[in-house]
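*Asks:* Line order of the protein sequences matches chains Z and B.
Letter 142 of the first sequence, counting from 1, is numbered 409 in this note's numbering, and no numbers are missing.
Letter 20 of the second sequence, counting from 1, is numbered 287 in this note's numbering, and no numbers are missing.
Quick caveat, the hints were computed from the structure, so don't treat them as lab data.
Note that the structure is a prediction, hence the values are computed from the model and not measured.
In this text, a Cβ means the ideal position worked out from N, Cα and C, and glycines have one as well.
Mixed in with the good hints there might be a few duds.
Claimed, not checked - Residues on chain B that point at chain Z, a partial pick, calculated with CB under 7 Å:
1. Ser335
2. Arg342
3. Val343
4. Gly378
5. Met449
6. Ala541
7. Arg690
8. Ile762
9. Ile769
10. Trp776
What the hints assert, rightly or not - Restricting the straight-line Cα-Cα distance to at most 25 Å, the calculated cross-link-like pairs of lysine-lysine (BS3-like) are:
11. B/Lys816 with B/Lys802
12. B/Lys693 with Z/Lys750
13. Z/Lys375 with B/Lys375
14. Z/Lys811 with B/Lys693
15. Z/Lys693 with B/Lys777
16. Z/Lys537 with B/Lys777
17. B/Lys750 with Z/Lys700
18. Z/Lys716 with B/Lys750
19. B/Lys810 with Z/Lys537
20. Z/Lys693 with B/Lys809
21. B/Lys759 with B/Lys700
22. Z/Lys777 with B/Lys716
23. B/Lys777 with Z/Lys716
24. Z/Lys302 with Z/Lys574
25. Z/Lys759 with B/Lys700
26. B/Lys693 with Z/Lys759
27. B/Lys700 with Z/Lys777
28. Z/Lys759 with B/Lys716
29. Z/Lys810 with B/Lys693
30. Z/Lys759 with B/Lys375
31. B/Lys302 with B/Lys625
32. B/Lys809 with Z/Lys537
33. B/Lys759 with Z/Lys693
34. Z/Lys777 with B/Lys693
35. Z/Lys809 with Z/Lys777
36. Z/Lys750 with B/Lys716
Number of protein chains: 2
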Amino acid sequence: MNILWFMCDQLRYDYLGCAGHPHIRTPNFDSVAAKGVRFNHAYCQSPKCGPSRMSAYTGRYVRSHGASTNFAALRVGEPTLGDHLITVGVDPVLIGKTHMNADVEGMKRLGIDEGSDIGIRTAECGFIPYVRDDGLHPHVGKDDPDYFEYVRSHGYEADNPWADLANAAEDENGNVVSGWFMRHARKPARIPAHLSESAYITDRTLQFMQGTLKDRPWVAHVSYIKPHWPFIAPAPYNDMYDSSQVLPAVREDHELAPRNSVVRSFQNEKYSTAFHRQEVRDTVIPTYMGLITQIDDEIGRILDYLKESGQDKDTMIILSSDHGDYLGDHWLSEKQLFHDPSVRVPLIIYDPRDEANKTRGTISDTLVELIDVAPTILEVYSGTPLPHIFEGESLIPALHSGSNTLRDYVVSECDYSEDNARRDLKHGPRECKIRMIADKRWKLVQYEKDYPQLFDRLNDPNELTDIAIEREHQDVLLDMHNKLFEWARNPKANICTSDTRITQSDEAWKFYDSRALAGFPIGYWSEDEFEREVKARSAFLKKKCEEIKEP
Amino acid sequence: MNILWFMCDQLRYDYLGCAGHPHIRTPNFDSVAAKGVRFNHAYCQSPKCGPSRMSAYTGRYVRSHGASTNFAALRVGEPTLGDHLITVGVDPVLIGKTHMNADVEGMKRLGIDEGSDIGIRTAECGFIPYVRDDGLHPHVGKDDPDYFEYVRSHGYEADNPWADLANAAEDENGNVVSGWFMRHARKPARIPAHLSESAYITDRTLQFMQGTLKDRPWVAHVSYIKPHWPFIAPAPYNDMYDSSQVLPAVREDHELAPRNSVVRSFQNEKYSTAFHRQEVRDTVIPTYMGLITQIDDEIGRILDYLKESGQDKDTMIILSSDHGDYLGDHWLSEKQLFHDPSVRVPLIIYDPRDEANKTRGTISDTLVELIDVAPTILEVYSGTPLPHIFEGESLIPALHSGSNTLRDYVVSECDYSEDNARRDLKHGPRECKIRMIADKRWKLVQYEKDYPQLFDRLNDPNELTDIAIEREHQDVLLDMHNKLFEWARNPKANICTSDTRITQSDEAWKFYDSRALAGFPIGYWSEDEFEREVKARSAFLKKKCEEIKEP
Chain Z
268 MNILWFMCDQ LRYDYLGCAG HPHIRTPNFD SVAAKGVRFN HAYCQSPKCG PSRMSAYTGR
328 YVRSHGASTN FAALRVGEPT LGDHLITVGV DPVLIGKTHM NADVEGMKRL GIDEGSDIGI
388 RTAECGFIPY VRDDGLHPHV GKDDPDYFEY VRSHGYEADN PWADLANAAE DENGNVVSGW
448 FMRHARKPAR IPAHLSESAY ITDRTLQFMQ GTLKDRPWVA HVSYIKPHWP FIAPAPYNDM
508 YDSSQVLPAV REDHELAPRN SVVRSFQNEK YSTAFHRQEV RDTVIPTYMG LITQIDDEIG
568 RILDYLKESG QDKDTMIILS SDHGDYLGDH WLSEKQLFHD PSVRVPLIIY DPRDEANKTR
628 GTISDTLVEL IDVAPTILEV YSGTPLPHIF EGESLIPALH SGSNTLRDYV VSECDYSEDN
688 ARRDLKHGPR ECKIRMIADK RWKLVQYEKD YPQLFDRLND PNELTDIAIE REHQDVLLDM
748 HNKLFEWARN PKANICTSDT RITQSDEAWK FYDSRALAGF PIGYWSEDEF EREVKARSAF
808 LKKKCEEIKE P
Chain B
268 MNILWFMCDQ LRYDYLGCAG HPHIRTPNFD SVAAKGVRFN HAYCQSPKCG PSRMSAYTGR
328 YVRSHGASTN FAALRVGEPT LGDHLITVGV DPVLIGKTHM NADVEGMKRL GIDEGSDIGI
388 RTAECGFIPY VRDDGLHPHV GKDDPDYFEY VRSHGYEADN PWADLANAAE DENGNVVSGW
448 FMRHARKPAR IPAHLSESAY ITDRTLQFMQ GTLKDRPWVA HVSYIKPHWP FIAPAPYNDM
508 YDSSQVLPAV REDHELAPRN SVVRSFQNEK YSTAFHRQEV RDTVIPTYMG LITQIDDEIG
568 RILDYLKESG QDKDTMIILS SDHGDYLGDH WLSEKQLFHD PSVRVPLIIY DPRDEANKTR
628 GTISDTLVEL IDVAPTILEV YSGTPLPHIF EGESLIPALH SGSNTLRDYV VSECDYSEDN
688 ARRDLKHGPR ECKIRMIADK RWKLVQYEKD YPQLFDRLND PNELTDIAIE REHQDVLLDM
748 HNKLFEWARN PKANICTSDT RITQSDEAWK FYDSRALAGF PIGYWSEDEF EREVKARSAF
808 LKKKCEEIKE P
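Please model the complete structure; the sequences and the hints are all you need to start from.
*Replies:* Written as structure tokens, this is what we have:
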């Protein structure tokens, strides 16, 4: 079996037809949901591209892999899904974005040749890079992406095809305008849809799948750059939705005076204040929706190819996103913080095997984390779940039996040391930590340098009212606090020792002092005592054997 | 300047003359204390050889480096003091024990050649191994230590010089008996003192120091295997102390019925029950003391050489141990748990530089951790304290100005997954975590699967009474609990990003939107707005310049 693991960038959990959005059209997402399982309570491990993805690709929380900001490198030696797949004979192929920053210093320290296969995979978060493209190419220079060449090979010329064509438009006078400026969001990009970034990623994926016969199974991470900003789409997607289809912002005036200064600082960010204005929402959100439908169409091309080539019965499909986008909800935009529009993600998995027949088309309410994807994928190829490394859990039981008991709470983290909030509030570089812990009812957001927030999602499903200060909820606050402490003190750090390694001598210990027989007879006063001990253990062994013979 | 970092194995904090032991003779430890600083509240990060040393050599807590048991490998890529020293042009040399288990799988995954310089250092915890010897050689075979050869080269022959000579004795009939059996502890080892393991480590150290001219400064980790068991000493050290000099066991009957099952399980270990008997203590402890005096003599030989060769003014000396030994206190022996005899360690530092003149011969009450040694050493050679990697703090301020404000609490951890307690109590391999947090008055020991312990060291300096259950101490329990939570949620995981890297654009942000100028103008509605923003920032810059000109 092969696996296609699709990831979108900044796609909210609720902007899909199958997730209940009343206007958006995502027939291909919906079709995968109809034959797979849609996990309706999936959370990313950091509402930021880099750390969220490093968690997804390692199956480990941010506090464990350490790459807590968008600029932070993933430390060399941090084991990735790609490493585990290579070990079991599966190729982990990358087509698109990872946000990986290589630990160049660490690689140098360990003498790893950047040009070797291992060096390349180490720098690419464990993936074999068929295409690496993180999007966002405002500058031209020596690191021009393959996408520039791709656009040019189709007859479109520009100094910077990304900035001048794919992320630019033309105004009423024919002047070229930049896609960065959101007032242009409804204008069509200066490139046909079939040459846009999303189409490019699809083309390269099809090229990979149609390429030379593979002698090993593969997992392809197909990682689209959209609907991440700049908010500009090619025709017809720029004009597919209009402001009448923009849902009202989920926010109340009282939220503009939060007790928490970090929240206030993010609300004051330029990107947030822009979305305080309805004009911005009415202009940008239809395009955000168009970009999503475009990706849906692109995924459709790949699904069609799977069907045509007869691969649909032996290809698992995973649809996901790295985090959401506030789009003005709670007076915020972008992501970073922990309301559901930011931290909750779509996750749909189609397992073609018969064992999954029972759950097809179902919605799972299990609390799921994005770190569950890596162990799920590994379990397809190997019986070894690596519970000493992965902090996520395999979703195979949920896919095969509808098991609903994965975990009691989800956790997500944010490090705002590279955000203006740190500068605003004069917090130290290592103090900018926020952690969210949530079950289906309660959500606690704990700030290293600020007041906590608590939301009651049963009585306040939109998370509008922080009740952390209310007397009657102090017990809940303490309970969630204790659960967060439990999580915090139990990182999986001893990644070199498997559970089997630990328990391997347990049987032996029942019959003799293993330590002594290994040459370390600790605690014995005399040879006699040692002799007696061995005899006593032998008697036990003899009795055991008799019990087995005559139960 | 060069540095000699001595480490003993299983040397209690209080078994030194300068630490107040009424009988033991350690004139060389005392002489270093007299010209340096003796840190009287130093704690190891795990009362077990392996994890304690991995913390010492990385400057990081066990929960961060992950090697939490004696068999656990240190993950490849975990940065060590040796790595940092190499970077600043200093050779980190090893002579003796580290308890390092190489992450062979990880090295293979990263293509690191085990035979290369980098491969050797990676497998040796960052050190250049002049001699690696962890002691404990019950078996002969292909991995025979250099020590076998050393003994033989001095004319002593045996199949296993370690087991048959250095750790064996002869009974009254001339039969060879094993040093494992503690009843023989007072008999002399079958080897002269100058060929024992401690002498061997000293000889190799002198050989290293006298060897070919070094063109780079060096830090030599001189790491003795003693006074760790087997408890057997060569003459005259076997007979240097007698049972009249054995201090009474610090224990009370009520401690034998602890609320905590993990403690009870360790009290029931063979090595503990042995020390419940006074006969065992009276036999073993004099030899334990003899082994310490022997190491003191050995260190004296090196101190003499420093003086003779004129190196005493440019060689820093650090005396330390990896953990203590209960020796029957609290009905325990060995280490593992968190009473002071186990978790508190000796730490004496002599800094020959004039800046340290003010503190010579003083005792520091600062709360110190063994992870402070690595940053202290690095600071000698480099201004870069690496606070994003080290979780310890440099002791240079304490050495130079007597600064007494290093930290509010110390933390130490134990993972008993490889101990009988796990098997006894049927705890899972990942549940066997204990953490201690202590300030000078209170000590909380928190067990993942058991009741906490709390000690009031002011009113109960011997930690005889667990008061965790007492109503009037619930506030303290909560306070220590909260401090442990603070510690637990703030590991230094983002080891690839320095503070400087984070704050480098702060100045720029005061004058313009750095993000925008880097090519990512997020949140702008229009070109006009962008223009206005740039102008506003320029006006701010202009005003700033004027302020500077005319304050």
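*Asks:* Hint by hint, note whether the structure agrees.
*Replies:* Here is what the structure says about each hint:
1. With 7 Å as the threshold, the beta carbon of B/Ser335 comes within range of chain Z, its nearest partner Cβ sitting at about 5 Å, so the hint holds.
2. Interface restraint check: B/Arg342 against chain Z, minimum CB-CB distance 6 Å, threshold 7 Å, status holds.
3. Of the supplied interface hints, the one on B/Val343 holds, with its beta-carbon coming within about 5 Å of a beta-carbon of chain Z, less than 7 Å.
4. Interface hint status for B/Gly378: upheld, as the beta-carbon distance to the closest one in chain Z is roughly 4 Å, under 7 Å.
5. The beta carbon of B/Met449 is positioned within 7 Å of a beta carbon in chain Z (closest approach about 5 Å), and the interface hint is therefore held.
6. Residue-level restraint check for B/Ala541 holds (minimum Cβ-Cβ distance to chain Z is 5 Å; threshold 7 Å).
7. Below 7 Å, beta-carbon pairs count as interface contacts, and B/Arg690 has one with chain Z at about 6 Å; its hint therefore holds.
8. Here the hint on B/Ile762 is kept, as its CB sits about 6 Å from the closest CB of chain Z, short of 7 Å.
9. Interface restraint check: B/Ile769 against chain Z, minimum CB-CB distance 4 Å, threshold 7 Å, status holds.
10. About 6 Å separates the beta-carbon of B/Trp776 from the nearest beta-carbon of chain Z, less than 7 Å, and the hint is met.
11. Pair hint B/Lys816 plus B/Lys802 holds up; C-alpha atoms about 21 Å apart against a cutoff of 25 Å.
12. Among the hinted pairs, B/Lys693 with Z/Lys750 is consistent with the structure: their alpha-carbon atoms are about 23 Å apart, no more than 25 Å.
13. Taking the CA atoms of Z/Lys375 and B/Lys375, the gap is about 16 Å. The hint holds against a cut of 25 Å.
14. Distance hint between Z/Lys811 and B/Lys693 is fulfilled; the C-alpha atoms sit about 20 Å from each other, no more than 25 Å.
15. Among the hinted pairs, Z/Lys693 with B/Lys777 is consistent with the structure: their alpha-carbon atoms are about 13 Å apart, no more than 25 Å.
16. Restraint check for Z/Lys537 and B/Lys777: the C-alpha separation of about 15 Å stays at or below 25 Å, so the hint holds.
17. For the given pair, B/Lys750 sits about 16 Å from Z/Lys700 by alpha-carbon distance, which is consistent with the 25 Å threshold.
18. Straight-line distance between C-alpha atoms of Z/Lys716 and B/Lys750 comes to about 14 Å, which keeps the hinted pair within the 25 Å bound.
19. Distance restraint check for B/Lys810 and Z/Lys537: the Cα-Cα separation of roughly 23 Å lies within the 25 Å cut-off, and the hinted pair is therefore satisfied.
20. The straight-line distance between the Cα atoms of Z/Lys693 and B/Lys809 is roughly 24 Å, inside the 25 Å bound, and the hint therefore holds.
21. Distance check on the hinted pair: B/Lys759 and B/Lys700 sit about 19 Å apart at the alpha-carbon level, within 25 Å; holds.
22. This hinted pair checks out: Z/Lys777 and B/Lys716 have alpha carbons roughly 23 Å apart, not beyond 25 Å.
23. Restraint check for B/Lys777 and Z/Lys716: the C-alpha separation of about 23 Å stays at or below 25 Å, so the hint holds.
24. A distance of roughly 14 Å separates the Cα atoms of Z/Lys302 and Z/Lys574; the hinted pair therefore holds under the 25 Å criterion.
25. Taking the CA atoms of Z/Lys759 and B/Lys700, the gap is near 12 Å; set against the 25 Å cutoff, the hint holds.
26. Between B/Lys693 and Z/Lys759 the alpha-carbon distance is near 20 Å, which keeps this suggested pair within the 25 Å criterion.
27. Pair hint B/Lys700 plus Z/Lys777 holds up; C-alpha atoms about 23 Å apart against a cutoff of 25 Å.
28. Using a Cα cut-off of 25 Å, the hinted pair Z/Lys759 and B/Lys716 holds, with the two alpha carbons roughly 17 Å apart.
29. The straight-line distance between the Cα atoms of Z/Lys810 and B/Lys693 is roughly 23 Å, inside the 25 Å bound, and the hint therefore holds.
30. At roughly 21 Å between alpha-carbon atoms, Z/Lys759 and B/Lys375 fall within 25 Å of each other, so this suggested pair holds.
31. With a C-alpha separation of about 10 Å, the suggested pairing of B/Lys302 with B/Lys625 holds against the 25 Å cut-off.
32. With a CA separation close to 22 Å, the supplied pair B/Lys809 and Z/Lys537 stays within the 25 Å bound.
33. In summary, the hint linking B/Lys759 to Z/Lys693 is supported, as the alpha carbons are separated by about 20 Å, within the 25 Å threshold.
34. The suggested pairing of Z/Lys777 with B/Lys693 holds, with an alpha-carbon distance near 13 Å, which does not exceed 25 Å.
35. Restraint check for Z/Lys809 and Z/Lys777: the C-alpha separation of about 12 Å stays at or below 25 Å, so the hint holds.
36. Restraint check for Z/Lys750 and B/Lys716: the C-alpha separation of about 14 Å stays at or below 25 Å, so the hint holds.
Checked against the numbered hints given earlier, this structure breaks none of them.
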